Amino acid sequence: MGGENLRLCRKCLIRDMAGREDYFRSLREYIANLDKDIRASESLYEQRLAVCGECGLLLEGMCRICGCYVELRAAVGKNNCPKQKW
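Following this note's numbering, the residues of the sequence shown are numbered contiguously, the last one being 82.
Treat the hints as calculated values from the structure; they're not laboratory data. Be aware that one or more of the hints could be misleading.
[What the hints assert, rightly or not] Listed below are the simulated EDC-like cross-link pairs for lysine to aspartate or glutamate, each with C-alpha atoms no more than 16 Å apart in a straight line: (1) Lys81 - Glu50; (2) Lys81 - Glu42; (3) Lys74 - Glu50.
[Unchecked claim] Label-pair distances were calculated between CB atoms; the ranges are: (4) Arg21 - Gln80: 30 to 36 Å; (5) Cys64 - Asn29: 15 to 21 Å; (6) Arg60 - Lys32: 18 to 24 Å; (7) Leu53 - Asp31: 17 to 23 Å; (8) Lys79 - Arg21: 27 to 33 Å; (9) Trp82 - Cys8: 16 to 22 Å; (10) Gln80 - Arg35: 30 to 36 Å; (11) Arg24 - Gly63: 24 to 30 Å; (12) Glu42 - Lys79: 15 to 21 Å; (13) Gln80 - Glu25: 17 to 23 Å; (14) Arg24 - Ala46: 28 to 34 Å; (15) Glu38 - Cys62: 29 to 35 Å.
Bear in mind that the values here come from a model prediction, so they are computed numbers and not experimental data. Glycine is no exception: its CB is placed at the ideal position from the N, C-alpha and C atoms.
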């Protein structure tokens, strides 16, 4: 990132990270294009992200327990939180 000194909020979701739009674009596109048969409803997705956003194990968009991007895990209906928070 050529001399830029970006500071990231350790408890941010990917969608809230400024300055890294290109880096995460493909992940957001993947989530947007998930087959509706496997995708969580929008309200369930948002509920899950609210829980993850308050979790002390969220680090720069990733779960420190399993290493997943929480937005991707939350987008798939059958997925669960590794700490059983949702």
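Hint numbers contradicted by this structure:
Numbers 3, 6, 7, 10, 11, 13, 14, 15 - these are the hints that the structure violates, sorted from lowest upward.
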